[in-house]
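J.: The primary structure of each chain is shown beneath.
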Amino acid sequence: MSEANGLNPSRRAFLRGGALLMAFTLMPVARRALADTEVDTLGTVVLAPDLPGSLRTNPYLDAWIRIGADGITVYTGKVELGTGVKTALLQIAAERLQVPASAINLLTADTALTPNEGYTAGSHSIFDSGTALYNAAAQVREMLVDAAARSWQIDAAQLSTRDGIIEGPNGERMAYADAVKHVDVHQYAKAQSPAMAAADFKLIGHNLPRLDIPAKVSGGAAFVQDMRLPGMLHARVIRPPRPGCTLQAFDAASIEALNGVVKVIRDGNYLAVVAGDEWQAIKAMRAGMESAKWSGGEAIPEAAGIHDLLKQLPSKRYPISNNGNPGGATETRFKARVTKQYLMHGSIGPSCAVAWFNDGVLTVWTHTQGVYPLRAGIAEMLRLPPDRVRCIHTEGSGCYGHNGADDAAADAALIAMRLPGTPVRVQWMREQENLWEPYSSAMVTEVDAGLSQGRLQDWNYELWTTPHNERIVNAGRLLPARLLAKPFTSAPSVPIAQPEGDGDRNAVPLYELGATRINMNFVTTMPFRTSAMRSLGAHINIFAIEAGIDELAIKAGLDPLALRLAHLSDPRARAVIERVRDEIGWPHKSSEPGAGIGFAFARYKNIMGYCALAVKLRVHPQTGEIRVDHVVTAVDVGQIVSPDGLRNQVEGGIVQSTSWTLYEKVAYDAGGIRSYDWSGYPILRFTQLPKKVDVHLLDQPGEPFLGAAEIVQGPMAAALGNAVSNATGRRWLNLPLTRSTQPA
Amino acid sequence: MSQITLTVNGAAQVLELEADMPLLYALRNHLNLNGAKYGCGLGQCGACTVIVDDQPVFACLTPCAGLEGKKIRTVESLGSAEKPGPLQAAFIDKQAAQCGYCIAGMLMRAQALLERDPHPDEQTIREHMAGNLCRCGTHLRIIEAIKQVAGHNGSRT
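Protein chains in written order, with the working numbering: chain W, 4 to 747; chain V, 1498 to 1654.
One or more hints might be untrue.
Between beta-carbon pairs, the in silico distance windows are [what the hints assert, rightly or not]:
(1) ASP1618(V) - ASP53(W): 22 to 32 Å
(2) MET230(W) - LYS1567(V): 25 to 35 Å
(3) PRO103(W) - GLY1507(V): 51 to 61 Å
(4) PRO1583(V) - LYS319(W): 50 to 60 Å
(5) LEU1539(V) - MET230(W): 20 to 30 Å
(6) LYS319(W) - ASP1517(V): 46 to 56 Å
(7) GLY1648(V) - MET230(W): 51 to 61 Å
(8) GLY1507(V) - SER163(W): 46 to 56 Å
(9) PRO1583(V) - HIS209(W): 20 to 30 Å
(10) GLY627(W) - GLY1507(V): 44 to 54 Å
(11) HIS209(W) - PRO1615(V): 31 to 41 Å
(12) ASP1614(V) - GLY627(W): 49 to 59 Å
(13) PRO1583(V) - PRO574(W): 45 to 55 Å
(14) ASP1517(V) - MET230(W): 47 to 57 Å
Here are a few chain W residues that face chain V, going by a calculated C-beta distance under 7 Å [claimed, not checked]:
(15) LEU214
(16) GLY279
(17) GLU281
(18) GLU334
(19) ARG336
(20) SER400
(21) GLY655
(22) TYR684
It should be emphasised that the hints constitute simulated quantities derived from the structure, not laboratory data.
Note that the Cβ used here is the ideal one computed from N, Cα and C, for glycine as well.
Hey, can you work out the whole structure from these sequences and the hints?
T.: So this is what it looks like as structure tokens:
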């Protein structure tokens, strides 16, 4: 892939000459030149570019592993978002330390304790932190064995380890906790780690039951929502009806007089109430909403014209891929516009945080994806030195990207600072989550592609999007900070560069093409705050690409799946496609009216996990209702760490993408957002679930970890679209795939 | 404030509550029970589902004042992390959770079905569970866990 150079110097990837992420291996070879991911948005500095995974940014071994009389502690800067990654990281560390998983205490992101690994996002956790632990744990174990060897004056090659004990050939035994006394773990990791054959793995590639599930099925204190600190008060926020409103009147005294109310906070347009009991806080919030009189507010467009509007708004054009010569006329062309609406993350539990300002230090328990960036944002907002703020990740409801987590943490911080010594818990109400979480951007893309003599020729693709990465790079990215009397302003929006991509994630087809002209128009002037949601632009880009391949094949009388294979040489890409082809019995033609089959493929970001997927469904001839009968997928994410964890992520991705693709759009008009609750933003329910889902895992023992959590979102959307076309003979290109969003 | 006696997980609890307080907040903040979760406050998501007598109920919508004399059960009544009850054990066995925020509500809705109909077929399970939302997409595993307790063997779909 070649890229136009220098057209937009703010995009660092271009300055690096469009260097693609180099493949790395689990063992010796370092991964280089990775920046501009959604992970290291802030605060991570590459100190050791030759080291693997997050050792690049946190090269000291004792940042990851500490062994003492109290046992083995393993640290990760990543967090558990409900994907099972904590258990998977534990498997990796235990495997390479050669101890039972139960011998390790694994701590996740905490600014006082763990490495700064930026954000837990972008399917990067196993890729970054897993790779770091894979290497760090093996190096620490080797150091311990060497120490025992020196102590016993025996060649280290004669020693073995079992369950945290080093054993010599003559019955010598030394516990790791004793060996570590002769070792300085505070040193840079080496580029080379001891090799281990995948066949010898006892934990990696095997299922370890998730650590967190027993508490979650039995009412244990599993979430930040469940925290109860001594003397803790409950707070609720009162938001304006829409962004940009000014508070004209508010009778704080009448709210303060309500039962149980401890404090009413007014700072510019920022309002909050604090009470001893949560229900009292909610009632005070409701009274406050009645009392507050607002004026002004940002204009909100009519939903019907949103895609035309996106094309008219000022934008910055980023060339993404400009390759080859378009050549002459082609036999078959596909020219179409594809659209997507604003989507919500839609966490089942509204965002929550607990904060406590005690002895000059503000501690915030938060379900943020990035404790270090959040700490920097909160410190700036409160004008505190960062070392006076500690952010501790505590699980919340699944977020699937940048939802209200950081903003709720900022709320708790602001409120707790006004109640020194008292812990404060704040949780958003459902309508606050729905109205104020950053959405996934509405997008429009235009495809113009040609096929001649069975070969894909020119591929022209233009997309318009608002930002997908409004992460916390300054205080102004925190919503509450914008409402204060002295408001903070959000930092300018910058898209994530290729190869990771932003709205342009997966905009470049992996297929071998004659020529590409691919551009992103990055729109930053919109009334809706948009940010990262699982797979970013890949959802619509893969949908558009796979619709185009399908249409070109059908018009030319070719089999769509065979056309894909004819333009892919990567054996792993071919393997997942061929597996799905064989499992579902492609080609397949149902005689049942309204029945259809669709196929899609993508490699996430063109550098991570592979996913091929086929869907069988039925479209009701009168109502247009879509029932998904069967989904078959094959995935390759490199060396699998937890087969069941991977399967769970893939199944979940299939179901969630089905919901996005068939049902979801944020409803709004000039009067404001209308998707206040689940009646205004319906998502998939049990009765709409695919009837049958088959997941095939193509393991690659010893190959690099590629990440799993987001690989399915695009292919599932695309296969649904292709199956609807197969079923109805009509190509629906407006998401969601409801009849009312398609041309008459 | 009113004195209200709630019978929760078999024990009578005398509580000083505001009479309009929904059951959810009494359970979470006055009885320190984490299972029922706040999700929407509108009876649309089911994260707060508990069993009252033998019916699944949205705790976020049900005022405490009307619940005296009724038997309230939360997920804590089914077992503990150390000694999970059969349905909890099935959820662990099937690893039927991702983030898990919805799961306690799922368990209680499913429990109510299994007490009424110990061997529901899959279609009945899907329809019965439709009142509860999951955003992670764990539905397929939740169904598998319920089917395990309902005595389905692996071949039945």
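J.: Now tell me if each hint is right for this structure.
T.: Hint check results:
Checked against the hint of 22 to 32 Å, the C-beta distance between ASP1618(V) and ASP53(W) comes to roughly 59 Å, which is inconsistent with it. At roughly 29 Å, the beta-carbon separation of MET230(W) and LYS1567(V) lies within the given 25 to 35 Å, and the hint holds. Take PRO103(W) and GLY1507(V): their Cβ atoms lie about 38 Å apart, and the range 51 to 61 Å is violated. Checked against the hint of 50 to 60 Å, the C-beta distance between PRO1583(V) and LYS319(W) comes to roughly 58 Å, which is consistent with it.
Separation of LEU1539(V) from MET230(W) is about 24 Å and conforms to the stated range, judged on CB atoms against 20 to 30 Å. Taking the beta carbon of each, LYS319(W) and ASP1517(V) are about 53 Å apart, inside 46 to 56 Å as hinted. Taking the beta carbon of each, GLY1648(V) and MET230(W) are about 39 Å apart, not inside 51 to 61 Å as hinted. Checking the proposed 46 to 56 Å range against GLY1507(V) and SER163(W) shows it holds: the Cβ atoms sit about 53 Å from each other.
Distance hint check for PRO1583(V) and HIS209(W): the Cβ-Cβ separation is about 26 Å, which falls inside the suggested range of 20 to 30 Å. The hinted range of 44 to 54 Å is satisfied by GLY627(W) and GLY1507(V), whose Cβ atoms lie roughly 50 Å apart. The supplied range of 31 to 41 Å is met by HIS209(W) and PRO1615(V), whose beta-carbon atoms lie about 34 Å from each other. Checked against the given bound of 49 to 59 Å, the beta carbons of ASP1614(V) and GLY627(W), roughly 33 Å apart, lie outside it.
Our hint of 45 to 55 Å for PRO1583(V) and PRO574(W) holds, since their Cβ atoms are close to 46 Å apart. For ASP1517(V) paired with MET230(W), a C-beta distance near 25 Å fails the hint of 47 to 57 Å. Nearest Cβ of chain V to the Cβ of LEU214(W): about 11 Å, over the 7 Å cut. The hint is violated. Below 7 Å, beta-carbon pairs count as interface contacts, and GLY279(W) has none with chain V, the closest being about 10 Å; its hint is therefore violated.
With a cut of 7 Å, the hint placing GLU281(W) at the interface with chain V holds, because the nearest CB-to-CB distance is about 5 Å. A distance limit of 7 Å between C-beta atoms decides the matter here; for GLU334(W) the minimum to chain V is near 41 Å, and the interface restraint is violated. Violation of the interface hint for ARG336(W) is found here, the shortest Cβ-Cβ separation to chain V being roughly 37 Å, above the 7 Å cut-off. Against a cut-off of 7 Å between C-beta atoms, the interface hint on SER400(W) holds, since the closest Cβ of chain V lies about 4 Å away.
Among the interface hints, the one on GLY655(W) holds; its C-beta lies about 3 Å from the nearest C-beta in chain V, closer than the 7 Å criterion. Interface hint at TYR684(W): violated, since its Cβ lies 10 Å from the closest Cβ of chain V, which is beyond the 7 Å cut-off.
Taken one by one, the earlier hints fail for this structure at numbers 1, 3, 7, 12, 14, 15, 16, 18, 19, 22, listed in ascending order.
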